[in-house]
Structures are given as C-alpha cells and as structure tokens.
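Visitor: Protein sequences, first through last, are from chains A, B and C. Counting in my numbering, the first sequence runs from 709 upward without gaps. Counting in my numbering, the second sequence runs from 709 upward without gaps. Counting in my numbering, the third sequence runs from 709 upward without gaps.
Warning: the hint list may mix true and false statements.
No copy is singled out in the list; a pair is fine if it fits within one copy or between any two copies.
Claimed, not checked - In silico EDC-like links for lysine to aspartate or glutamate, alpha-carbon gap of 20 Å or less:
#1 851 / 779
#2 851 / 760
#3 851 / 876
#4 804 / 881
Don't read these hints as lab results, they were simulated from the structure. All values derive from a computational prediction rather than experimental measurement.
Here's the letter readout for the chains.
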Amino acid sequence: MFSATIDATAFRNALASVEVLVEECRIHVDSDGMRLRAADPALVALVDLTLDAEQFEQYEASEAVLGVNLERLSEILSVAETGDTVRMEFDERSRKLDVEVGTLSYTLGLLDPDSIRDEPDLPDLEPPAEVTLDGRHIDRGVKAAEMVSDHLRLAVDPDRETLVIAAEGDTDEVLVELGRQEVAALSPGPADSLYSLDYLTAINRVIPRGQTVTLELGEEFLAGFEFVVPEADQPVTYRVAPRLQRA
Amino acid sequence: MFSATIDATAFRNALASVEVLVEECRIHVDSDGMRLRAADPALVALVDLTLDAEQFEQYEASEAVLGVNLERLSEILSVAETGDTVRMEFDERSRKLDVEVGTLSYTLGLLDPDSIRDEPDLPDLEPPAEVTLDGRHIDRGVKAAEMVSDHLRLAVDPDRETLVIAAEGDTDEVLVELGRQEVAALSPGPADSLYSLDYLTAINRVIPRGQTVTLELGEEFLAGFEFVVPEADQPVTYRVAPRLQRA
Amino acid sequence: MFSATIDATAFRNALASVEVLVEECRIHVDSDGMRLRAADPALVALVDLTLDAEQFEQYEASEAVLGVNLERLSEILSVAETGDTVRMEFDERSRKLDVEVGTLSYTLGLLDPDSIRDEPDLPDLEPPAEVTLDGRHIDRGVKAAEMVSDHLRLAVDPDRETLVIAAEGDTDEVLVELGRQEVAALSPGPADSLYSLDYLTAINRVIPRGQTVTLELGEEFLAGFEFVVPEADQPVTYRVAPRLQRA
C-alpha cells in the first residue's frame, strides 16, 4: 500500500537528481519514507536519495517497490504550477500509479521492478579529505575542464590547503584552485583522483548554485558529492568511481 | 481597392491564429472589414476570423480577394516594435501588397487566389453542450494528452456536470475533469467525441492563457473553439471534425 | 614580453567583434596596446580593433605577435561574472598564454602566427558619404533584406537626403529609407553599392542596439562600419567590399 502527497516542485527536483544518471528506477517505499537509489548502466556512478515521511503532506505506505520511468513521471509533474501538490496512490491490483496534479489525473503504468537494474550497495567509506563549497565553484571547474579534456582531477593540496580542480588537454591546461577563503570548510588529507567528465557534467546539472555541496575525496577514491535537493530539504548523495591516473 | 492601417501586434496575432492551420490564405476584404477563413489541407479543421473595419486606424476597401503567404507576412510584421502600426496598400496593377512598418517598406508579391484551396462553409450548428473556461485548462489537458496518445476525448459528464478532457495510451491514462467551480460557465448536454491531437496542439499554440475560451461540444460533433484574439479584440473560431471512436 | 589585466566583459566584447569574421587571429602587442586586425578567408571583409594600453588595469608589453584561437579564448572568458577581470601573461619559453579569470587558471596553447592568414592593410579612403545612426536601424534593414535576398544595397539619395537600405527578391522588395530626423548625422554624396548579406549579417550580430554606428559609403565602395565596442570604450572598424551591381 502506498499513498502520498507532496509539494510538486520538491518532488520534481528530487526526481531530477536521479534522472541525470538513470531513466528507470526502483522506488522503495515503507512507513519511514521513500528511497531512490540507482547506478548508471556502466556502474560508474551511483545516486542515493531519501524522502522522509515527514517531508510529505500526507504519507502512508507498507513496504513496496515501484518500477518507475522517471522521465515520464517528471513530464507529468511539469504541468504543475508553483505551489501545486502532487498526490500519488499505488493501485496494487492494476499495478499502476495514480498521479494527481491539480485537476489532472494521470494513471502511470509501472515497470516490473525486476526488469530494472539492481542498485549496488552504497559503501560506507571514511573519506581522507572533505571540502564543503558553493556549487558555483564546481560548475566553473567542470565547465572549464570540458574545454580541454574528457576527465577532471579532484585533489587536495595538503601544503597549500587548497582544493584543486584540474584538467589537462593536448595543448591547454585548466586549473581551479580554491583556498580556505573560497570554500566553506576544508579538512585536508591525501586526495588525488581522476573522474570521467561524463558523470560530473551530469551531476553538475542538478548541483544548486549558491548552495553548499560537500565533496568527499581521496586517492583513487570513490568520490562523494552531497547536497540538499532544493525545495525537498533532503540530501542527495552521488558516488563516482575514479579512473586510472596516467602513469 | 484596399488600404488599411492597424496596430502591428493585433494584426500579427490575428495572422498567427490562421497560420497554425494553413500557410497560404485568401484574405477577403470589403467595406465592412477583412475576413480570413481557411481549412487545413486534410479538411479536418477550419478557422474563421473577421477584423471589422472599426478595428483599423484607417480602413478603405472595395471587394477584393488577396492571396497571401501568411508566414512571409508574419515575418515582415516581426520587425515591428510594441506600439508600431502596419500600413497596407494593395497595388492593383502590380498585384502586390505594399506593407509599411515604421521605416520599413515591403512590397509583398501576392499569390493567385485561385491557386489557394477553397475554404469550406462554416456550418451553423446548434451545440448540445457548451463550456467556457480559462485557456490554461485546455493547455494543461492537451499537453497531458500528448504524453500518452495522439488523440484526445472531449466530453461532458451530465451527472457530475463536469468537462472531461481524457486520453488513453497503451499503459497510461490521462484525465482532466473540470467542475463548475473550475470553469466560467457550463451548459451540459450529450457530448463525447474524439479529436486528433495534431489539430488541438496547433490550435492550443494560439489559445491565450488567462483568457476565456468557449468550447462547443457534442457527440461525434464538429467541435467549436472560440476566443478573442489578443490585442485584436475580435473573435476567432475554429471547427475541428471528430475522429471515429473505437467501438 | 606581455602581461595585462582588463575587465573580462570588455575584453570578451572586443574579441567577439573580431570573431564574427575569423576564428583565428594574430594579436599584435607593443607598449602602446593591443591590435587585432583580420580579414575573412574570402578577403571580402576586414576588421580592425585597437585596445590602447590605457584601457587595461595593468599593461606591459614589448613587441610581440600572438596567434590566438578566438573561440577558445572567448570560451575561457565566458566563465567570468560581471566585474571579473582577466589577467593574461605570455610565457615566451612555452609559447603559451596564461589566462586567469577569478579562481580559474587556463594555460592556452598559442598558434604559430605564421600559420594564420596575413591581414591586409586597411586602405585610407575618403568616403563620399557618411551616415551616423542607431544600430537598431541597421538591424532592421539587415533582417528585412534577409527575407528576400542574399545581398543588400546601401545608398544615399542626394535629393531626399536619406539613407537607403534596400533589397530585391524575385517577387518581393524591401526598402528602409531614413531621413535626417531618423539618423544622428548625414553628410550626403554619391553612394550606391551592393553588399553580400553574409558579411553584413555577421557584423550586425555585434552592432550594439541603441548606440550609434557610423557608415562610410560610396559608389562601388569599400563600405566602412565603425562603432564603439560596448564596455571596451574603443572603436572597431569593419570594411566590406562591394559586389558588382547587376547591369
């Protein structure tokens, strides 16, 4: 059983966070809330997002797994205007999700959850270094790196106590170096890894500018990106596997 | 003979109303005003628009028919800024239309009216049901229907006294139901027909949001859509033929 | 040796003025300032832009020529926010240009100046006619001409003392005629030439609306377009060769 009502913009933002990595997703619901966790087809990046029951205007659920086409569900939500809520109810017999936004009722056919790629476990890692900074800096670093390369280096310079976002092309090089005065918090440690821009560009699309993002970094490390989903007031976490550094 | 001056935005909006169905159109002028009536190539939808002589700043015409490429005429008007007027004069010898917008003079070659598809008569029908509502609701219904199907059902539920906008896909269903509190006026009667979204999507593009539209509905009925063209202060009427309902 | 700091928006606008004609450009620097002069591949149009040393916040240079990919340099500048400055330093050993915008450091590989097309001399011509007018009028004339033709006529009517922007298509004609009350200044003289819209459309893209542009015109004349680059406070000059008039 599942029935819930939530601010449409909050829910749309939450879905968008997941949609940058996958098209289809299993939504786990139980009495505590809703959980979306998914990995991209190549198993390089993983997203994990929880919407606690308290974030909903109304929420009631027994344990269930819904297989959802995220693009379609987002499209339905796009008819919402600011302030609209979305009401969802799972019809167990038909295995369809009734979605109501304002005067619109949409009956969404669900996917067989077993047909959707299994989500890997989120490893519990102790990050050697951690940096909290405005999303704007990540945007700038990612966009600059895209000009010269298809991967990006995230490192912490232990002596200068700076976050280093760098990329190297055939003729050109990009370096964004952020010191303590440019970031909100920096706990230095050994950190230097290379990541594919494919994933960072996708994640950067939903990183809120003007809000803080926490980076968990290390050497050849499964990097972590965590920030609060706008309007949804709940954190989303991404993990991105490193690429091998050139020798 | 034909010479007229009118607010450029009003005229552009009037042309846009017709352009969603046809590229070329016969413009009939006489001392009362200007009339555009056209049907799409498949003869499924028809548009009818009159600009009374009083809507013009200056107007003088004897009976004539001008064959006009609407896209080209709209393009000329697109150089206008808010508040600009457009001055038109028909040169009978050259069979060209002189169009002046601000400092721009454009000599528009006209088409042979006989080369343009004949416009059918607008049947005078007594609609079984009529609903007047904000264009926003139609926009929402059409966009939601596009997600699941290529046709849309317009019906009036006589018991609940609601307007029903519905569409059915292979797995998903869409339903917008508007009661008396959501519409401006509703005169119920037997009404249930299916329409091709091709035409409703086209017409929806020029339906003004925040302004009322009157729907004339019935069973297997040539639906009517009527609203006032923004700035032009004149009504435009569309008729759309129904599709056969699935048995 | 070359090192300079300048407002990022001013520099971006300056580069944009040149980029509409060429992708790569030689930048000449010396103690007086920076000079960009380039001709399009077909040698029909030429651009000439100087940034005096005084326009920079910091400027120091001995004579040098830098071969620059303008698109790439503009892309780097696009990360700048309003008020940001750009710092450039030429590394003579590596033949690279270090570009710093905010926290971003970009090492730009330079091109061999000898690999870039030679820029022709800017002839010193005495224009028979000169018109100074708002860039908006040129925009309107160019856009209207694009509707009917691939070239545009610029002429001065000596009797009516008007600037004539005209174009002729197979069936349609466009005419923009601007009298003394519509332009800022007009010094009439024999002027009537045809120009390819390819070039005028490109130049029009950077002509500032609401600011004055000076046109130098004549018969079969290498037309001149001159205006002040927004924010950079320095003039840019274009020369466009006439096309042969139809007999």
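Visitor: Does each hint hold? Answer for all of them.
Guide: Results of checking the hints against the structure:
no.	hint	result
1	851 / 779	between (25 Å within a copy, 15 Å between copies)
2	851 / 760	neither (33 Å within a copy, 31 Å between copies)
3	851 / 876	within (13 Å within a copy, 42 Å between copies)
4	804 / 881	between (51 Å within a copy, 10 Å between copies)
In this structure, only the earlier hint numbered 2 is contradicted, and the remaining ones agree with it.
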